[in-house]
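Q: Residue strings, one per chain:
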Amino acid sequence: SQKIEQNSEALNIQEGKTATLTCNYTNYSPAYLQWYRQDPGRGPVFLLLIRENEKEKRKERLKVTFDTTLKQSLFHITASQPADSATYLCALGQAGTALIFGKGTTLSVSS
Amino acid sequence: DAGITQSPRHKVTETGTPVTLRCHQTENHRYMYWYRQDPGHGLRLIHYSYGVKDTDKGEVSDGYSVSRSKTEDFLLTLESATSSQTSVYFCAISESTGLAKNIQYFGAGTRLSVL
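Taken in sequence, the protein lines are chains A and B.
Going by my numbering, the letters in the first sequence line up with residues 6 to 116, in that order.
Going by my numbering, the letters in the second sequence line up with residues 486 to 600, in that order.
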């Protein structure tokens, strides 16, 4: 069956460092991958989408890579700030099907 | 929350009672989804709708039914609530399931406790 794993449930880093979150998948061939941010008590909010034929996507301090050979996406937040503390979800999709979400990684950035 | 309203936001109910959660959107998006989110399981799809009166099951549909009589409203019903249905329920919408148009916009969630 399809499986998505986000590297760890929690990641703690210091302000100013780069946070790197991992999303691995098996038994699936996604056409695209998305990353969402979720704050406590709120619904997830879309951040970035990367297609299977794209290697990298950037948006401000965020960078996403997608390696279909390794079946892995990396999500980077550079120059992290305490305001970046949240849970980050990856989601895989194919055209015409519903998204499959990972369980999320909770990032804590300390000042 | 992108023109999505979930009601109620919080509900406590007893085992065996029926419960209906409502999702209302003002974006005129075709697709609507119900998810549940539990510790250790992440977001799991319950049911989704791809148009008025058009619905399909998701990963964890047992014990749930849905209805969509208008584009803007998607109802989730627990016919006879059980303690295992205690969870946070999220509604989401998207324009389609195609590549760039399957960006999902979520409501604020409904926290349901079944005692």
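Please keep in mind that the hints were generated in silico from the structure rather than gathered at the bench.
Be aware that one or more of the hints could be misleading.
With a straight-line Cα cutoff of 27 Å, these simulated DSS-like cross-link-like pairs (lysine-lysine) come out [as the list claims (entries may be wrong)]:
| # | chain 1 | residue 1 | chain 2 | residue 2 |
| --- | --- | --- | --- | --- |
| 1 | A | 22 | A | 62 |
| 2 | A | 22 | A | 76 |
| 3 | A | 76 | A | 108 |
| 4 | A | 76 | B | 586 |
| 5 | A | 62 | A | 108 |
| 6 | B | 586 | A | 62 |
| 7 | A | 68 | B | 586 |
| 8 | B | 542 | B | 496 |
| 9 | A | 76 | A | 62 |
| 10 | A | 76 | A | 8 |
| 11 | A | 64 | B | 586 |
| 12 | A | 108 | A | 68 |
| 13 | A | 8 | A | 62 |
| 14 | B | 496 | A | 108 |
| 15 | A | 76 | A | 60 |
| 16 | B | 538 | B | 586 |
| 17 | A | 68 | A | 8 |
| 18 | B | 542 | B | 555 |
| 19 | A | 108 | A | 22 |
| 20 | B | 542 | A | 8 |
| 21 | B | 555 | B | 496 |
| 22 | A | 108 | A | 64 |
| 23 | B | 586 | A | 108 |
| 24 | A | 60 | B | 586 |
| 25 | B | 496 | A | 8 |
| 26 | B | 586 | B | 555 |
| 27 | A | 8 | A | 60 |
| 28 | A | 108 | B | 555 |
| 29 | A | 108 | A | 8 |
| 30 | A | 60 | A | 108 |
Sample of chain A residues with no beta-carbon within 12 Å of chain B, all distances over it, derived [unchecked claim]:
| # | residue |
| --- | --- |
| 31 | 16 |
| 32 | 34 |
| 33 | 66 |
| 34 | 68 |
| 35 | 72 |
| 36 | 81 |
| 37 | 86 |
| 38 | 113 |
Values in this document were obtained by computation on a predicted structure and should not be read as measured data.
Even for Gly, the Cβ is constructed at its ideal location relative to N, Cα and C.
Q: It remains to establish, for every hint, whether it holds in the given structure.
A: Evaluation of the provided hints:
1. A C-alpha spacing of about 20 Å is found between residue 22 of chain A and residue 62 of chain A, which places the hinted pair at or below 27 Å, so the restraint holds.
2. For the proposed pair residue 22 of chain A and residue 76 of chain A, the alpha carbon gap of about 26 Å is at most 27 Å, so the pair holds.
3. Of the pairs offered as hints, the one joining residue 76 of chain A and residue 108 of chain A holds, with about 17 Å between alpha carbons and a cut-off of 27 Å not exceeded.
4. Between the alpha carbons of residue 76 of chain A and residue 586 of chain B the distance comes to roughly 23 Å, so the proposed pair stays at or under 27 Å and holds.
5. For the hint linking residue 62 of chain A to residue 108 of chain A, the alpha-carbon distance of about 22 Å falls within 27 Å, and the restraint holds.
6. Proposed proximity of residue 586 of chain B and residue 62 of chain A is supported: the alpha carbons are some 17 Å apart, at most 27 Å.
7. For the proposed pair residue 68 of chain A and residue 586 of chain B, the alpha carbon gap of about 21 Å is at most 27 Å, so the pair holds.
8. Between the alpha carbons of residue 542 of chain B and residue 496 of chain B the distance comes to roughly 24 Å, so the proposed pair stays at or under 27 Å and holds.
9. Simply put, residue 76 of chain A and residue 62 of chain A have alpha-carbon atoms about 16 Å apart, close enough for the 27 Å limit, and the pair holds.
10. Only pairs whose Cα atoms come within 27 Å are accepted, and residue 76 of chain A paired with residue 8 of chain A is accepted, the gap being roughly 11 Å.
11. A C-alpha spacing of about 18 Å is found between residue 64 of chain A and residue 586 of chain B, which places the hinted pair at or below 27 Å, so the restraint holds.
12. Only pairs whose Cα atoms come within 27 Å are accepted, and residue 108 of chain A paired with residue 68 of chain A is accepted, the gap being roughly 20 Å.
13. Between residue 8 of chain A and residue 62 of chain A the alpha-carbon distance is near 23 Å, which keeps this suggested pair within the 27 Å criterion.
14. With a C-alpha separation of about 24 Å, the suggested pairing of residue 496 of chain B with residue 108 of chain A holds against the 27 Å cut-off.
15. For the hint linking residue 76 of chain A to residue 60 of chain A, the alpha-carbon distance of about 12 Å falls within 27 Å, and the restraint holds.
16. The straight-line distance between the Cα atoms of residue 538 of chain B and residue 586 of chain B is roughly 21 Å, inside the 27 Å bound, and the hint therefore holds.
17. Among the hinted pairs, residue 68 of chain A with residue 8 of chain A is consistent with the structure: their alpha-carbon atoms are about 23 Å apart, no more than 27 Å.
18. Of the pairs offered as hints, the one joining residue 542 of chain B and residue 555 of chain B holds, with about 19 Å between alpha carbons and a cut-off of 27 Å not exceeded.
19. Distance restraint check for residue 108 of chain A and residue 22 of chain A: the Cα-Cα separation of roughly 24 Å lies within the 27 Å cut-off, and the hinted pair is therefore satisfied.
20. At roughly 19 Å between alpha-carbon atoms, residue 542 of chain B and residue 8 of chain A fall within 27 Å of each other, so this suggested pair holds.
21. Annotation: proposed proximity of residue 555 of chain B to residue 496 of chain B holds, straight-line Cα distance about 24 Å (limit 27 Å).
22. A distance of roughly 23 Å separates the Cα atoms of residue 108 of chain A and residue 64 of chain A; the hinted pair therefore holds under the 27 Å criterion.
23. For the hint pairing residue 586 of chain B with residue 108 of chain A, the CA-to-CA distance comes to about 23 Å; that is within 27 Å, so the pair holds.
24. For a cut-off of 27 Å, the pair hint linking residue 60 of chain A to residue 586 of chain B stands: about 20 Å separates their Cα positions.
25. A threshold of 27 Å between alpha carbons decides the hint, and for residue 496 of chain B with residue 8 of chain A the separation of about 32 Å lies outside it, so the pair is violated.
26. Note on residue 586 of chain B and residue 555 of chain B: the hinted pairing holds, with a Cα-Cα distance of about 21 Å set against a maximum of 27 Å.
27. Taking the CA atoms of residue 8 of chain A and residue 60 of chain A, the gap is about 21 Å. The hint holds against a cut of 27 Å.
28. Distance check on the hinted pair: residue 108 of chain A and residue 555 of chain B sit about 32 Å apart at the alpha-carbon level, beyond 27 Å; violated.
29. Distance check on the hinted pair: residue 108 of chain A and residue 8 of chain A sit about 11 Å apart at the alpha-carbon level, within 27 Å; holds.
30. Between the alpha carbons of residue 60 of chain A and residue 108 of chain A the distance comes to roughly 23 Å, so the proposed pair stays at or under 27 Å and holds.
31. Listed as a non-interface residue, residue 16 of chain A keeps its Cβ farther than 12 Å from every Cβ of chain B; the least gap is roughly 16 Å.
32. A cut-off of 12 Å between C-beta atoms confirms that residue 34 of chain A is not in contact with chain B; the least separation is 14 Å.
33. No beta-carbon of chain B is positioned within 12 Å of the beta-carbon of residue 66 of chain A; the least distance is around 20 Å.
34. Distance check on residue 68 of chain A: its Cβ is at least 19 Å (rounded) from any Cβ of chain B, clearing the 12 Å threshold; non-interface status holds.
35. With a least beta-carbon separation of about 19 Å from chain B, residue 72 of chain A lies farther than 12 Å from that chain, consistent with its non-interface assignment.
36. The claim that residue 81 of chain A is not at the interface with chain B holds, since no C-beta of that chain comes within 12 Å of its own (minimum 20 Å).
37. Distance to chain B confirms residue 86 of chain A as a non-interface residue, since its nearest Cβ pair spans about 23 Å, more than 12 Å.
38. Interface exclusion of residue 113 of chain A from chain B stands, the closest Cβ pair being 17 Å apart, more than 12 Å.
The earlier numbered hints that this structure contradicts are 25 and 28.
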